[in-house]
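Read top to bottom, the protein sequences are chains A and B.
Residue 44 in numbering that gives the first Met the number 0 is what sits at position 45 of the first sequence, and the numbering runs on without skipping anything.
Residue 99 in numbering that gives the first Met the number 0 is what sits at position 100 of the second sequence, and the numbering runs on without skipping anything.
Just to be clear, a hint being listed does not mean it is correct.
[To be verified] Heads up, incomplete: computed chain A residues facing chain B, CB under 10 Å, no partners named: (1) 69; (2) 86; (3) 104; (4) 112; (5) 120.
[To be verified] Per the computed footprint, the stretches of chain B lying under chain A, defined by three or more beta-carbons under 8 Å from a beta-carbon of chain A, are: (6) 39-51; (7) 54-60; (8) 65-73; (9) 81-93.
Derived by calculation from the structure, the hints in this document are not laboratory data.
All C-beta atoms in this analysis are idealised placements derived from N, C-alpha and C, irrespective of residue type, glycine included.
Single-letter residue listing:
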Amino acid sequence: MYSQTCGTSFEQCRIRLSLCLSLILFTPANMKKLFVLLAFAGVASAASAVDLAGNTGKVNVSMCIGCHGIPGYKATFPEVYQVPMLGGQSEKYIENALKAYQKGERKHPSMQGIAGSLSDKDIAELAAYYSQQK
Amino acid sequence: MKKIMTSVVFAASFFVSLSAMAAGNAESGKLLTEKYNCASCHGKDFNSPIDPSYPKLAGQHQDYLQHALIAYRRGNDGMNGRTNAIMAGQAKALTDKDIQDIAAYLHGLPGSLVLEK
Chain A
0 MYSQTCGTSF EQCRIRLSLC LSLILFTPAN MKKLFVLLAF AGVASAASAV
50 DLAGNTGKVN VSMCIGCHGI PGYKATFPEV YQVPMLGGQS EKYIENALKA
100 YQKGERKHPS MQGIAGSLSD KDIAELAAYY SQQK
Chain B
0 MKKIMTSVVF AASFFVSLSA MAAGNAESGK LLTEKYNCAS CHGKDFNSPI
50 DPSYPKLAGQ HQDYLQHALI AYRRGNDGMN GRTNAIMAGQ AKALTDKDIQ
100 DIAAYLHGLP GSLVLEK
């Protein structure tokens, strides 16, 4: 689970954690130092997550296919209609649409939720993936 | 009994008219797309937009096309709208019937959109 969520392997995480603990233990129990340390740890794990995402080379369509990959699938809330076919659609249009959901220029509860969880890089990859389908 | 029959007939005609509405008239839709110059952005065949920021429309699901036009017409009002400078202007002029007809026409065109995982 660790490796999936933050990109740090369990072993790395354990080493980092024990390092943190030893540093805390062997320095004077100073709250300010502790906070600085925690802040650094946070930055380090965030950075490694980005690195991992950059190296996957795989598009994560798991959030898309539950609706857009099922023939005849209909959005049911707040209105009922078949969700759009994405395969072969213009790349920039897909990218803009996802960003419009992020900004609230397009309103749809599910799509706003999903788009909100995507990075610019995710969006670019998804747009490229779907636009290249034939 | 007569009352029941009347209501059954009434209900049946209601559903028939509903489905007729949803079907749309592709012929009239074609004329409307010409009137509103849709092809000037979405491409002559509606499958080759003049810029990759515009969507291909040919063959897209009819009910989705309908929904998209309604959402653009709604703009920022209501919970399921879209704001887009160009499409807001285009969709504002359309009646429900216009939207159904346009969607029927575009859906019926041959296109390269596909549904894959």
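Next item on the list: Give me the numbers of the hints this structure contradicts, sorted from smallest to largest.
Entry: Checked against the structure, the hints that fail are numbers 4, 5, while the rest are satisfied.
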